[in-house]
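J.: Chain residues, written in single-letter form:
There are 2 protein chains.
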Amino acid sequence: MKAGQYVYPFAQGDKSMKSLLGGKGANLAEMARIGLPVPPGFIITTEACNQYLGRNEGLWPELKSEILENLQQLELEVGRSFGGERPLLISVRSGAVVSMPGMMDTVLNLGLNQTTVNYLADEAGNRRFALDCYRRFIQMFANVVLQVGHHLFENILTEARQRKNVRTDSELNEADLEKITAQFLDLVRRETDGEFPEDPQEQLFLAVEAVFNSWNTNRAVVYRKANRIPDTLGTAVNIQTMVFGNLGEDSGTGVAFTRNPSTGEAKLYGEYLLNAQGEDVVAGIRNPHPLSELKGDMPEIYDQFLQICNKLEEHYREMQDIEFTIEKGKLYMLQTRTGKRTAPAAVRIAVDMVGEGLISRKEVLQRIEPDQLEQLLHRRIDPECNDRYIARGLPASPGAASGKVVFDADKAQEMAQNDEKVLLVRPETTPDDIHGIIAAQGILTSRGGMTSHAAVVARGMGKPCVSGCEDLQIDFVKGLFTIKGKDYKEGTVISIDGTTGRVFLGVVPMIEPEFTDEFRKLLSWADEVRRLKVRANADTPEDARLAVELGAQGIGLCRTEHMFMAADRIPVVQKMILASDLKEREAALCELQPMQQSDFEGIFKEMAGYPVTVRLLDPPLHEFLPDREELLLEVDKLRREGSDSSLLHEKEKLLHKVRLLSEYNPMLGHRGCRLGLVYPEIYKMQVRAIFLALFKLLDEGMPEEKLQPEIMIPLVGHREEMARMKKLVEITAEDMFAGKGKKLTYMVGTMIELPRACLVADQLAEVASFFSFGTNDLTQTTLGYSRDDSESKFLPYYLQNKIILINPFAEVDREGVGKLVEIAIKRGRSTRANLKLGICGEHGGNPASIEFFNSIGLDYVSCSPYRLPIARLSAAKAALQG
Amino acid sequence: MKAGQYVYPFAQGDKSMKSLLGGKGANLAEMARIGLPVPPGFIITTEACNQYLGRNEGLWPELKSEILENLQQLELEVGRSFGGERPLLISVRSGAVVSMPGMMDTVLNLGLNQTTVNYLADEAGNRRFALDCYRRFIQMFANVVLQVGHHLFENILTEARQRKNVRTDSELNEADLEKITAQFLDLVRRETDGEFPEDPQEQLFLAVEAVFNSWNTNRAVVYRKANRIPDTLGTAVNIQTMVFGNLGEDSGTGVAFTRNPSTGEAKLYGEYLLNAQGEDVVAGIRNPHPLSELKGDMPEIYDQFLQICNKLEEHYREMQDIEFTIEKGKLYMLQTRTGKRTAPAAVRIAVDMVGEGLISRKEVLQRIEPDQLEQLLHRRIDPECNDRYIARGLPASPGAASGKVVFDADKAQEMAQNDEKVLLVRPETTPDDIHGIIAAQGILTSRGGMTSHAAVVARGMGKPCVSGCEDLQIDFVKGLFTIKGKDYKEGTVISIDGTTGRVFLGVVPMIEPEFTDEFRKLLSWADEVRRLKVRANADTPEDARLAVELGAQGIGLCRTEHMFMAADRIPVVQKMILASDLKEREAALCELQPMQQSDFEGIFKEMAGYPVTVRLLDPPLHEFLPDREELLLEVDKLRREGSDSSLLHEKEKLLHKVRLLSEYNPMLGHRGCRLGLVYPEIYKMQVRAIFLALFKLLDEGMPEEKLQPEIMIPLVGHREEMARMKKLVEITAEDMFAGKGKKLTYMVGTMIELPRACLVADQLAEVASFFSFGTNDLTQTTLGYSRDDSESKFLPYYLQNKIILINPFAEVDREGVGKLVEIAIKRGRSTRANLKLGICGEHGGNPASIEFFNSIGLDYVSCSPYRLPIARLSAAKAALQG
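For the protein sequence lines, the chains are A and B, in the order given.
In the numbering used here, each residue carries its 1-based index in the first sequence increased by 2.
In the numbering used here, each residue carries its 1-based index in the second sequence increased by 2.
Watch out, some of these pointers could steer you wrong.
BS3-like mimics (lysine-lysine), calculated; alpha carbons at most 25 Å apart, straight line [claimed, not checked]:
hint	chain 1	residue 1	chain 2	residue 2
1	A	342	A	269
2	B	708	A	655
3	B	488	A	655
4	B	639	A	653
5	A	639	B	639
6	A	491	B	227
7	B	804	A	686
8	A	729	B	227
9	A	342	A	406
10	A	728	A	745
11	A	653	B	488
12	A	332	A	364
13	B	728	A	227
14	A	585	B	653
15	A	585	A	607
16	B	480	A	653
17	A	838	A	828
18	B	659	A	486
19	A	607	A	686
20	A	655	B	227
21	A	639	B	227
Hints are computed from structural coordinates only; laboratory data are not their basis.
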């Protein structure tokens, strides 16, 4: 770039200059550079735009001169004159760095006026054509540059058609168009209190200013906010010689993808219309033809186009989205850009291109957007389906399901046993609802966040769940639910999409997940290059099996509390909690132990050869007790009735305990190792169950080296907590080893989920053999955001209003949480060089977070099984970037 | 110290060697060194103790030899023989570095056996005396060394007295004592399956071992845990020649303080008994005489003792606690140590000693324990009073009060109007109870922690409060409250002490606070040396006035929400919260504005010339709404009755809102600047109220430079939050300045209470002019401790079991929270060199925390008004240490 240069002829640009010339301009220049037939033109840079917006004084003289110089060059090149006898007509288009709706799009045929329209008529030998171009120009220019309402022009056209009693504009004749043109100019005069500009230079400068100004229209600003595009980029302006697809049957226009954007099939895909301009294709009055038919209409052009498409794909090494025009038997390329595609197509195209030798495996991995692949992994509601949308909640567990609404877990179970598909719809769920959750296709709750009981259990079971749907109110008495003032009966069929949080009425079209061979191939390439290991968060043998299938190299988080939640266990767990002394509690724990043991057996069996990190009990005990409000009303009722005093007494005792255990801020309460310290018998039972399971598998012939237990102590903040809990594990283990006459290898480590733990990580690493960062809770404590509350309260507001740009629960907050993780790694390794480091928060399945975790040197990430493919790809991408 | 030297004669020690010789031993050596009459002896070091405990093999030969060498020296020095004809008798005493109950105390008369008792009898010319010494020795030795129960010996003595029909042991004659001695030896034989050791060397070694072993008795371990004394210190053993106060009327024993330990008066204070040993004084059978009477009994000894006391005070430059014995007209000093004293005495002694030129002001400030002074600032229940103690809760607001128990705020108000003293006793309080709190002498709640509504409001009003008293259950229906199974009627008089959390039955003796001239003088000296400024947390004009009286140099935290809590305001606040749109909300805010304004007027007036930091609204809005459970029952009742549908509708709406606003973890919820961002109209109203108050004061003639408003934005975690809130303040202010035609000076800063804020402090300091560390919340988030929950759940267990050593809400956690504060200071100053830094958490009134805050360079600490004197002293102490 020359200093002070604000205008570039196509010949001076190339595809590397996107930030200066915008995406469209850079690609036009590139096509010209590699010898493709592009109508000549030039580009006014994004810097000119920023200058213009900063000055706020209109186009300045030097810029105008530079534009005019380039215009003169263009006149020379094409042998035409702007405003002269062989009139140069141009298109003026905006061209941002990233394609952006909401900005001024296009003015075509600029340079026409009452004089040049006659020259054009003479030259084309077609006055109707010239008049049609003129009226289109007036309409577009007046609309996008002078802000005259589009409908006003349409009214005039409609009137003309009605007068003639015809259906389409193409049926209007020269005289009609003469009249319409005059009416258009009158309209502009009335609406703008001025004449439509006759001077082509004035037209051009006004159009350029309009493009610049469109950068700051409300819609453009909103779009940039939503898509996190910096306001400082600015837009370029593309000025290009007009070519016409509507000059007869030897002319035409079309669009094409170099491969099928839905399936990825390696075959040209597109459509065209003869004797038409681009806007005619869009208008939908005539049906465009499939591109393959062009071969019959214009065989040479078709061959040329095929060659060009191949050349573009080879050149860009990427599937292209192309616009072209044929003017009197000559092909012109008007645009090329990377084509958008569905997830299955993205995978197939990538794998095919590697097969074709077009790109390398590494390039594929760098290019693919792992997040896009989520849709390959879960059933989802067709994104095109919007008309039956009724409400939105939180996307608590991915997947989609339809079923009859049921308010009650017992009823859900009963109906499911009769092969009815049901959705369990509740204000919130509690452990008492487990059998209903199991029976239902999916869960919808009106309260609760991403970490509510419903959400956690549903994710654990791989069932779709929409939680915290505040639009929904349930009236149990009347058997109704209300959404936005409208009542629906229990039993109404609805559909939910747990990936998006959307709720629909009735059964809606669903798209099934596709786990293709190409996808598997892609993942295997990812596995070859990634440094980060990938583990799964899995709490059951079934999850473990799925995890291994999806490529897990271990379990990074096995939450033992989920084993407590099963319907047959909850009563025992409650007995344990309500125990009035240690003896009673130990008796209940004795009952639980074989249940836990059998879960562990299943999990360790599935994970043979891989490490399994078992987290000892974490949630506060009140999570296992009944809902306080319901209990309160029940006690109140029993008291009023005064009927069954022993039942009342029992319920009163339960309410007392629920109250006693209830916490103001359970997130910061009596949970994690704080339970293990105050009730060591619980953790001891869990440790015994783990080792009993291991011994059982050994007895059954499992080779010892295939068992790699890692016992994880949650919520540690002080060295002493970790030291005592490690001691408890060791004493319990040694005791069992003595009994069995055999020692097993195991590790004891901690979950890092408190800021304090990060700050004293050097002390913790003295006693912990591994750290697993629980970034969910670490985010809650570091930012002071209760996940359950913030996602239903201020966080959406924060994101919408750009107070923060990224949801810290979706992508790790690098400046806060990330900084603490870095501090912890540094300090932890200072006292234990071979400290094993992983992360088991939900960020473990988020691509941007994985990139960060790779860069700071973690050993592995752990995520829910269905996110494993995404994690594997993200880890590969991160390795290649690093 | 010589390498390998484990025994030190007094002549080789001095007071600087406490850690090696123990406190008692070092002081004995020191007294000997400065020429005071001390019975000769030697000390076995703490290192010997640690060696012994580490080896676990008994006393080793080298140590025994060293002891015997020193014993021989002692024999030479006093001209006596251990076990020989002119028998050397010794006392063996433990002597830890810090005086510690629970360890072996003393064995007297060691060296006596069936032979030497006769030598002693001959030498003293008094066989009864010798026999009495002997039976005392057997009893003490057998008890503390051989673990024979004390009561077994007492039984024999009682039997003997009964046989003779006498009241005291001194009435027993030689024959009685002969028999008793024999019975004692028999008893030992039976209880220990062995003979009482006759060999004095064996006696000595056994006694030394017993002292060493007593370091690890259960009681000693528990005491060390409770008092945070390291287990590694070990104890020394003091071996000293016996002197006898019971050799006739020219002998005696006594204790003395060099000044009055209760009042601090500079006058010798103590008591003595003639012809007695120390244990006789303790036994309380004979009443000791005031020391002044010794002047009549033994004028020369008295003068000598006075001189020694003066010498000791001059030498130690501190009030001394002394033990002495007179043996046949010769005075011996047995112990000296720093005397314990009451808080008023401590202040008076310190100030007097400065007046006497004994110590410097700086020394006084370094020596005083600021925490001890708390009792000078609040009324408290006499610590001696224990017999009417019935329950304990959390010490939620200091001070003490008595009154009739009332369960209902209305009734409390009514009774108070009839001049009855009441205590409001509730499960929890809500804003609806405010008039009851105002009317009551104090508040007692069965639920809720240190930051519960009751606690916060009570502290704000300076009223005593005990919260979270879980032993207490209230039965509203029966009009009873139950404590530990015992029922009490409403109306029962009880007393509470909010400094200790204790609850008593009836009216109990109280000690009024004493704010003496000496105390004021001490504080003025502190002000001269401290670097840290001291501010108060004050929310009302009354608090502000008190703060200035107690030395505040500004308000560090003015919580505007307390202004919302008043009975006349709560309805308006609720109207604001329940507003269905912005217009309704703004109308309610309009009503609130003049109320807030008048508070601000009062506060700024009181604080003329000092900065006032006003924190904009912080707590989640649901804190201002009624209790959810009560409302639920009410709605349920109305529904069942089906009577008044408009009332039901209103209550249902309220319940819906309460539910909608309710949060799982309010601590991490929609509060602080998150309110200000989502409801900017609330903060705007508050800012307007501040500036209107300032303009009003200006109009009334207040000089402008006396107004120093600092507007504080709470709970900031991201730069953008601070930037937007600052903008809101600025726009609101500029608007008002424009209206008034005058600009005022003000600052906008932030409260740092989230880990993230510390980590991005450099970014925050770009927009914030000051940081005030809210270490309460920073502790909650950094450690993941909900204050309300942890203090009633795991924290007491953690402290008792030494999992953590310090309550992080009482003293700042240096390794976690402290580290974050340091990070924040460093980063904050990196972008704003003159950043004003303070702390306004409750740690601002804690001496150890103040020392830390001084060391890391804060500008000021802010605490509740009543802690200001403590903060001033602590700041001075910190400055002197720094």
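J.: Determine for every hint whether it applies to the structure shown.
T.: For each hint, the structure was consulted:
no.	hint	in the structure
1	A:342 - A:269	15 Å, holds
2	B:708 - A:655	60 Å, violated
3	B:488 - A:655	18 Å, holds
4	B:639 - A:653	20 Å, holds
5	A:639 - B:639	10 Å, holds
6	A:491 - B:227	64 Å, violated
7	B:804 - A:686	21 Å, holds
8	A:729 - B:227	20 Å, holds
9	A:342 - A:406	37 Å, violated
10	A:728 - A:745	16 Å, holds
11	A:653 - B:488	23 Å, holds
12	A:332 - A:364	39 Å, violated
13	B:728 - A:227	22 Å, holds
14	A:585 - B:653	46 Å, violated
15	A:585 - A:607	33 Å, violated
16	B:480 - A:653	20 Å, holds
17	A:838 - A:828	12 Å, holds
18	B:659 - A:486	16 Å, holds
19	A:607 - A:686	22 Å, holds
20	A:655 - B:227	36 Å, violated
21	A:639 - B:227	49 Å, violated
Checked against the numbered hints given earlier, this structure breaks hints 2, 6, 9, 12, 14, 15, 20, 21; the rest are met.
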